[in-house]
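S.K.: Assemble the complex: chain G is given as a structure, and chain D must be docked to it using the hints.
Same order as they appear, the protein sequences are chains G and D. Residue 87 in our numbering sits at position 87 of the first sequence; the count goes up by one each step and never skips. For any residue, its number in our numbering is found by taking its place in the second sequence, counting from 1, and adding 1000.
None of these hints come from the bench; they were simulated from the model. Check the hints yourself; a few may be wrong.
Selected chain G positions facing chain D (Cβ under 8 angstroms, derived; list incomplete) [what the hints assert, rightly or not]:
#1 Ser19
#2 Ser27
#3 Tyr113
Listing some non-contacts, in silico: residues in chain D with all C-beta distances to chain G over 10 angstroms [claimed, not checked]:
#4 Gly1090
#5 Ser1104
#6 Pro1210
The C-beta atom is built at its ideal place from N, Cα and C for all residues, glycine as well.
Here is how the chains run, residue by residue.
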Amino acid sequence: MFNFPARAYNDVMAAIRRSKPLPGLRSRIRETTAGVVISPSLPSSDWNHPWKLHPRWVEDDNGDGHWNVTITPGFVNGADAVIGKSDKPLTADPTPTLEVSSFRDATGMNGHYPALFKKLGARKPLEPDAALSGTLEENAQVEVALFPEQYGTRRLMAADFLLHIDHMGIRTDTFFADPTTGNLVIHSPAFTSALNRYPYRIQTVPEYTAVQYPTMLDRMMGTMDEPNFDQLLLGTLWLLSPPDEGDDTQPGPTWQPYTQHFVFWNLGYANVNEFNYTNPQPITIHTGLAFGLLDSIGNSMLAPINDAYADVMNGLNETSMRGYFWTL
Amino acid sequence: MFDDVHPGDPIPKLAAFWNNLKASVAARRLLPGVGVRLREMPFGTIINFDADAAAWDHPWRIAINGKEATLRRGLVDGIEPKIGDRLMSGDKKNPDPPKLTIASSRFTKDGQSLICVEIECDERWNTKSAKLVQVARLNDANPDSPGDGTTPLLPPALSGRKTRYPLVQLRQKESGDITVCQIAYFNLRHVALFPSGTTEEKRVRHFFFPD
Chain G
1 MFNFPARAYN DVMAAIRRSK PLPGLRSRIR ETTAGVVISP SLPSSDWNHP WKLHPRWVED
61 DNGDGHWNVT ITPGFVNGAD AVIGKSDKPL TADPTPTLEV SSFRDATGMN GHYPALFKKL
121 GARKPLEPDA ALSGTLEENA QVEVALFPEQ YGTRRLMAAD FLLHIDHMGI RTDTFFADPT
181 TGNLVIHSPA FTSALNRYPY RIQTVPEYTA VQYPTMLDRM MGTMDEPNFD QLLLGTLWLL
241 SPPDEGDDTQ PGPTWQPYTQ HFVFWNLGYA NVNEFNYTNP QPITIHTGLA FGLLDSIGNS
301 MLAPINDAYA DVMNGLNETS MRGYFWTL
Chain D
1001 MFDDVHPGDP IPKLAAFWNN LKASVAARRL LPGVGVRLRE MPFGTIINFD ADAAAWDHPW
1061 RIAINGKEAT LRRGLVDGIE PKIGDRLMSG DKKNPDPPKL TIASSRFTKD GQSLICVEIE
1121 CDERWNTKSA KLVQVARLND ANPDSPGDGT TPLLPPALSG RKTRYPLVQL RQKESGDITV
1181 CQIAYFNLRH VALFPSGTTE EKRVRHFFFP D
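Only chain G is shown next, with the shape it has when bound in the complex (with noise of 0.2 angstroms):
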């Protein structure tokens, strides 16, 4: 007969309730049916990476008031970013600040946003009104959800904070030739200068715009004009409003600001600078018949062809001064 003490049974019992893992100072703890697994959790707010947003409500002398953002500094090929208008760079002292303006209503016509703020009790975007838009015709089926969608009353506003960087761009010239040449219309890639000094500029704006570069089709109909910039999203600066927000209000001290970045790392930049353009020589005949009367026919004959040559090269040749990113 095996005998076990019960107070033998109670130290088992006790042991196994104290080698449950709990979750402390920065670790996390997720209990899965093969074991438990046990891993430092670093709040994000420890890692002050390149590039993060620090929003801070400014009160005014007058009592008004505005929303600043400072910027941990991040650089692009070793060198600084200066913030805003001016020429200060992220790592001057005192820490220079970019004062956010104008924003966007996420929560306004057509707007939207992560799927977070929802949570939050962020209002639904508004939608263009149906019935203003048309009339329900007669025994026209009308969706009616069972379970409608939960949406708070809270505003939401956003700003973009992006870097944006100047170069040379490349556009095309086009130009009317003499057809007894051999071209009719002539389409030639030329430089679009830069606008600024100093390249590498964080900016906030209202909503980010992705820059458009141009297509093969635009190289081939002689309608390429480059951006004479490149520009990077490093983050967006979300403000919730306190509920029952009126529409007409700008974000004051009330709001909550969230941030939302996309680069966490410094940047190595570089853009093509090689003008990578040789000029199409039109085919043309020379034989002098006619006094060169048929040589001038012939030519003009040849033009659209030649043409459609030099137009096929600037789509092949690519010609572009775009400039790439990577992380570093």
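M.R.: Chain D in isolation, oriented as in the chain G frame:
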């Protein structure tokens, strides 16, 4: 782990089960590793990670003590840079990592200085050697007499098939204190490229990537 126990099983089997259970429970006791602190409570064990354990000890991480800096070992194309004539992480004879003396003469008028890795390339533009230097600007030919120009926006093509990449920015405040901004967090890889149709040394472009 254990054989299942069924009603009517002989007692010796239950004893084996019990012993296995005890041994298993004992083996699953949580023990603290480096940077971990445990606090055993009757209802469980609270696990705390030290802040230091969570911090990231990355390559090129700088530590400054007065006017001397040490950097954690980093590599460029697998080559460990030197400080002076010693490897930056120390060597067998002297395992203490060498210190880089911060020279006050190697700051710009704005109070900015850079600790860089300077690499020298061989005839095929592969990295031959690397060393750590402090410069006011990346393209200062002579670090001891900094020029008045601006910091170049790309790693410069220096004479002797050399180039530099900044690892840390130092900024001297008006109070004299030096603040540090880490630039490089990873080991680096270097590529030298030429515009097509030329191998002119001064037209080379140097690119650095994380390794």
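S.K.: If a hint holds in the structure, say so; if it does not, say that too.
M.R.: Hint-by-hint comparison with the structure:
Residue-level restraint check for G:Ser19 holds (minimum Cβ-Cβ distance to chain D is 5 angstroms; threshold 8 angstroms). This hint holds: G:Ser27 has a C-beta 4 angstroms from the nearest C-beta of chain D, less than the 8 angstroms allowed. Against a cut-off of 8 angstroms between C-beta atoms, the interface hint on G:Tyr113 is violated, since the closest Cβ of chain D lies about 31 angstroms away. The Cβ of D:Gly1090 lies farther than 10 angstroms from every Cβ of chain G, with a closest approach of about 26 angstroms, so its non-interface assignment holds.
Against chain G, the non-interface label of D:Ser1104 holds: every CB pair exceeds 10 angstroms, the least being about 17 angstroms. For D:Pro1210, the non-interface assignment is contradicted: its Cβ lies about 6 angstroms from the closest Cβ of chain G, within the 10 angstroms cut-off.
Checked against the numbered hints above, the structure violates hints 3 and 6; every other hint is satisfied.
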